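Take 0 as the starting number for the sequence shown in numbering that gives the first Met the number 0 and just add one per residue.
Think of the hints as simulated: they come from the structure by calculation, not from any bench.
Quantities reported herein were computed from a predicted structural model and do not represent experimental measurements.
It is possible that some hints are incorrect.
To be verified - Across the chosen pairs, the derived CB separations fall in these ranges:
1. A39 with R77: 47 to 55 Å
2. A84 with D44: 50 to 58 Å
3. R77 with L16: 32 to 40 Å
Built from N, CA and C at the ideal position, the CB exists for glycine as well.
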Amino acid sequence: MRKGIWGIGLAIVGLALPFTLLALAGAAWLTENLTRIAGAVGRLDVAALVREGWSRWPEVLGVLIGQALMLLVLILARRDLAARAGEAKADR
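Using the sequences and the hints, build the whole thing.
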């Protein structure tokens, strides 16, 4: 049992360490080059941003509807679970 726990812990650290180092390297690179990146981007084109946002409203609506359905399923499952727990207490 102890071997399994140590193996899982080492696997987690083995996965977390490279990604942490990668994130730190990315943050350092971004800090060094932020002025060049900002200069390359230039000014904000609001009209293009509005067009892009308007073309993506069906995706946003789909995401919102999907999240609402998942929330509804969770609420109904919790209600059903509570009802079953109440029945189990009544049977005792």
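Structure-based check of all given hints:
no. : hint                     : verdict
1   : A39 with R77: 47 to 55 Å : holds, 50 Å
2   : A84 with D44: 50 to 58 Å : holds, 57 Å
3   : R77 with L16: 32 to 40 Å : holds, 38 Å
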